[in-house]
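Using the sequences plus the hints, can you model the full thing?
From first to last, the protein sequence lines are chains A and B.
Plus 1 on top of the position in the first sequence (first one is 1) and you've got my numbering.
Plus 241 on top of the position in the second sequence (first one is 1) and you've got my numbering.
It cannot be assumed that every hint is accurate.
Simulated crosslink set (EDC-like; lysine to aspartate or glutamate; CA at most 16 Å straight-line) [stated by the list, open to error]:
1. B:K546 / B:D461
2. A:K147 / B:D763
3. A:K147 / B:E764
Derived from the structure by calculation, the hints contain no laboratory data.
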Amino acid sequence: MADSSPGPYNTYRARASARPVPAGPPPSAPPSRANLAYGFPARSVQNAATDTYRQTRRPVDAVHRKGDDRAARHAVKHPVEHPVEYPKDSSAWHWLLWLPVLLPLITPLYNRVEPRWAGIPFFYWFQLSFVALDIAVVTFVYQATKRRHLS
Amino acid sequence: MRLQAHQVQLAIFVAMLALITVLGFAAARWRRPDVPYDLEQWGLGGRAFGNFVTWFLLGGDVYTAYTFVAVPALVYGMGAAGFFAVPYVMIVYPLVYLSLPRLWSVAHVHGFLTPSEFVRARFGSRTLALLVAVTGIAATMPYIALQLIGLEAVLKVMGLGGVWPMTAAFGVLAVYTFKSGLRAPALISIVKDVLILWTVLVMIIVVAMLNTGWTGVFRDAGEKFAGTPSPTDGLLLGPTGQVGYATLVVGSALALFLYPHTQTGVLAARNRATIKRNIAALPVYSMMLGIMALLGFVAISANVKPVDGDRNTVVPALFDAMLPDWCAGLAFAAIGIGALVPAAIMSIAAANMFTRSIYREFLRPHASSAEETFVGKMASLLVKVGAVLAILLLAPQFSIDLQLIGGVTILQTLPAVALGLYTAWFHRWALVAGLACGLTTGLTLLYQIPQVGPNGAILRAHFGGSSWPLAKLGLDTRYTIYVGLAALAVNLFVAVVGTLVLRAAGASSGIDMTDRRDYFADEGEESIQRMTELVDGAALHHGAHVR
Numbered sequence: 002m003a004d005s006s007p008g009p010y011n012t013y014r015a016r017a018s019a020r021p022v023p024a025g026p027p028p029s030a031p032p033s034r035a036n037l038a039y040g041f042p043a044r045s046v047q048n049a050a051t052d053t054y055r056q057t058r059r060p061v062d063a064v065h066r067k068g069d070d071r072a073a074r075h076a077v078k079h080p081v082e083h084p085v086e087y088p089k090d091s092s093a094w095h096w097l098l099w100l101p102v103l104l105p106l107i108t109p110l111y112n113r114v115e116p117r118w119a120g121i122p123f124f125y126w127f128q129l130s131f132v133a134l135d136i137a138v139v140t141f142v143y144q145a146t147k148r149r150h151l152s
Numbered sequence: 242m243r244l245q246a247h248q249v250q251l252a253i254f255v256a257m258l259a260l261i262t263v264l265g266f267a268a269a270r271w272r273r274p275d276v277p278y279d280l281e282q283w284g285l286g287g288r289a290f291g292n293f294v295t296w297f298l299l300g301g302d303v304y305t306a307y308t309f310v311a312v313p314a315l316v317y318g319m320g321a322a323g324f325f326a327v328p329y330v331m332i333v334y335p336l337v338y339l340s341l342p343r344l345w346s347v348a349h350v351h352g353f354l355t356p357s358e359f360v361r362a363r364f365g366s367r368t369l370a371l372l373v374a375v376t377g378i379a380a381t382m383p384y385i386a387l388q389l390i391g392l393e394a395v396l397k398v399m400g401l402g403g404v405w406p407m408t409a410a411f412g413v414l415a416v417y418t419f420k421s422g423l424r425a426p427a428l429i430s431i432v433k434d435v436l437i438l439w440t441v442l443v444m445i446i447v448v449a450m451l452n453t454g455w456t457g458v459f460r461d462a463g464e465k466f467a468g469t470p471s472p473t474d475g476l477l478l479g480p481t482g483q484v485g486y487a488t489l490v491v492g493s494a495l496a497l498f499l500y501p502h503t504q505t506g507v508l509a510a511r512n513r514a515t516i517k518r519n520i521a522a523l524p525v526y527s528m529m530l531g532i533m534a535l536l537g538f539v540a541i542s543a544n545v546k547p548v549d550g551d552r553n554t555v556v557p558a559l560f561d562a563m564l565p566d567w568c569a570g571l572a573f574a575a576i577g578i579g580a581l582v583p584a585a586i587m588s589i590a591a592a593n594m595f596t597r598s599i600y601r602e603f604l605r606p607h608a609s610s611a612e613e614t615f616v617g618k619m620a621s622l623l624v625k626v627g628a629v630l631a632i633l634l635l636a637p638q639f640s641i642d643l644q645l646i647g648g649v650t651i652l653q654t655l656p657a658v659a660l661g662l663y664t665a666w667f668h669r670w671a672l673v674a675g676l677a678c679g680l681t682t683g684l685t686l687l688y689q690i691p692q693v694g695p696n697g698a699i700l701r702a703h704f705g706g707s708s709w710p711l712a713k714l715g716l717d718t719r720y721t722i723y724v725g726l727a728a729l730a731v732n733l734f735v736a737v738v739g740t741l742v743l744r745a746a747g748a749s750s751g752i753d754m755t756d757r758r759d760y761f762a763d764e765g766e767e768s769i770q771r772m773t774e775l776v777d778g779a780a781l782h783h784g785a786h787v788r
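Structure below.
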């Protein structure tokens, strides 16, 4: 992705204003939140079919300057549709994670001495056994979801 | 006199310290890629740590010497209520399983080293980012000082009182952190974890070999707590202590991964899968912490008395009493190294925050990559000097108070940092207002809490704990609640109402510089390519992404 202007990002204010506005809805189109995401227009919509996500985005300068806002407002006036679908990181299995989070918070469940285990009161060994629950649930959720999204 | 009886322990302790010093300097060459050295290399180890290194690094980061010393000391003093640290480090992992990979992805795409940079880009507010950075640094500093207290406890038991041994150990730490950055604690934490594991195993065997085993331990502890008039101690939680216990667990768990040093450990991972796998494996450490916590009861049963009345010496004194000399020496080394590893990571995290969100943001926006690295290294040095001075000049109690406050304050960055990972809905100024209100509330409530001695007398009027009685709200109840959660509720309320008001008033909101897809990007994808390659079309590897 060769960019015509060299140098670090903090010069991208100049580049942003020099950049031709890609084909998109006319300026009168209402600003939409989705198009605001970068604060500047996406690079290209013509080659959307082959374009990967990376090629549609621009470097973001961590040092935010006043000019950034100007470039961003420019983007608001000239919104473009994002051609790429958002990846999904959601899965019904993730609800399972609430189990090891909530169970240890129900103190009446384990605030007792009996039954002991190897002489250790229930209060202590039961809470220690949450380790096994933790590992089991997180491992299961990881295994169950790892092919469904990016990792 | 104490020193003469501990020569074997001291020799082993010093030998282990020498070993990690060598490792610390060698770490500078470990896994070092052939690229110019920038802040990302120094402060995040080049974001290249795999499953095992990340596991050791995060283990060294979260389970600090102070934890291993203070949690059993709490259990020794109060029984069940001190055990809160165990469920807290268990619920935290499923809690952050989904959010930490998001943080990693967005930080990797944009080259962030710290959460404050993320806040800056997400909400488009320098003020908010500055507040997050200052809060983070302020919460981390006393944490570093506390590691010194953990180190001091071990040295005290070996008869090395005074400040010089401690300062010397910290001086060595400062030098190799300066040189090797995050790679040093990553490598050293492997030694530390092996030693801790060894210590825990040995103690389990020792207790199992006692005549009465755990039964006797808990019988003795129960008798001790029954003999005190205080209603807050005992083998079980009191009838009114349960809400306080649960809220403390939730609040501490939410705060843990808001600390800059834990986020540093997470951001140094190689990819999303590394983080997720580590979250599955890290509870193993919680098990070790849980067993260490039970040692508080063993100390009661073995009739161990703290050295010089310093309760933090209970666990080292227990090792001293129950283990053979050489074994005790290894256990002391485990705690001593366990103090140095997180102290190094914390100082690096604070230095990253200062460099990225204060120095480069407000002082020298055009700082070169080399200048940035140098400033980061110097800042880490200054942070450590500050921690040593805090211990030398102020009473240790002051650091403990600050640490108590630190947990409450870092929790107030949750709306901006953690909720910010999911939504940019909040208005930047509403978040600023929420953070300010949360901090004020937290400090006010902490100020109102007196420390009550075992006999019911008030020892100190202010900052005596973090359990705030709900009775002060005018409710007819004896329940208490963790201050951090109460302050967070105020914080969130102000942020939500403020956002609605500001939106209605049409106040200009900040520009979100991140994209939804940034939160899912992973290693090897094009989105993670270095910014230099993207801008210049060539692999310059010159750290332009940090500029």
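Proposed proximity, D763 (chain B) with K147 (chain A) (alpha carbon, max 16 Å): holds (13 Å)
K147 (chain A) and E764 (chain B): Cα distance at most 16 Å? holds (14 Å)
Do the alpha carbons of K546 (chain B) and D461 (chain B) lie within 16 Å of each other, as the hint requires? Since the Cα atoms of K546 (chain B) and D461 (chain B) sit roughly 15 Å apart, the hinted pair holds (cutoff 16 Å).
Hint compliance for this structure: no hint is broken.
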